[in-house]
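**Q** Fit chain B to the known structure of chain A by using the hints.
Note that the protein sequences, when read in sequence, are chains A and B. Read in order, the letters of the first sequence correspond to residues 3 to 111 in our numbering. Read in order, the letters of the second sequence correspond to residues 5 to 118 in our numbering.
If you're looking for bench data, these hints aren't it; they were derived computationally from the structure. C-beta atoms are modelled at their ideal positions from N, C-alpha and C, and glycine is treated no differently.
DSSO-like cross-link-like pairs, simulated, lysine-lysine; straight-line CA separation at most 27 Å:
1. A/K71 - B/K46
2. B/K61 - B/K87
3. B/K61 - B/K106
4. B/K82 - B/K106
5. B/K87 - B/K46
6. B/K46 - B/K61
7. A/K71 - B/K106
8. A/K71 - A/K5
9. B/K106 - B/K46
10. A/K5 - B/K46
11. A/K5 - B/K106
12. B/K61 - A/K5
13. B/K82 - B/K46
14. B/K82 - B/K61
Here are the simulated distance ranges between beta carbons:
15. B/N56 - A/A65: 33 to 41 Å
16. B/T17 - A/N56: 46 to 54 Å
17. A/I76 - B/G76: 36 to 44 Å
For reference, the chains in residue letters:
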Amino acid sequence: DAKTTQPNSMESNEEEPVHLPCNHSTISGTDYIHWYRQLPSQGPEYVIHGLTSNVNNRMASLAIAEDRKSSTLILHRATLRDAAVYYCIRVTGANNLFFGTGTRLTVIP
Amino acid sequence: EPEVTQTPSHQVTQMGQEVILRCVPISNHLYFYWYRQILGQKVEFLVSFYNNEISEKSEIFDDQFSVERPDGSNFTLKIRSTKLEDSAMYFCASSEGGPNEKLFFGSGTQLSVL
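Next comes chain A alone, as it looks inside the complex:
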């Protein structure tokens, strides 16, 4: 049980930023937020994860709300290769990753 809520689908124009929202209102203080994505016909791929403060890496940025009840994955410039299902997953302690249904991102050329 991912214990998060995401929109089923979103669209973005190519080369524009994309903000993918995630609600995790029952999050506890030690839960991490992980984001993975799954490109068509591939295995899940790690994107980013964080606990409290915003995080950046070469793929994306993760903005975590001050109350930690929500977060946003930011793709700074969407490309066609970013079309995928994006999963926001709450990881509790040593518990394992449980995937929800995610957000299917369509990138329009």
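**A** Same frame as chain A, now just chain B:
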């Protein structure tokens, strides 16, 4: 970047037969996982494995399933007597420091049970 390798990429079997799905995790990783994804559905957790024993398993992982790390490099998933509903894509994953670290997934084995 290092990769998790899974073989075979496709496996076709008859109902009731045993199958073994193989995975080579990343060499310095200590935590290993199997997930599956039935066509059109979400990715489901099956089992995690650490220190040569199962850490956690889901309800899906019943007595028909077993995992093994036979030689220190391979990580296998065995299904003893396959059922039609076992048809799915099976993903192996590994991580260095547990589920709160980055998991690396393989490209999967598509299992078709006829």
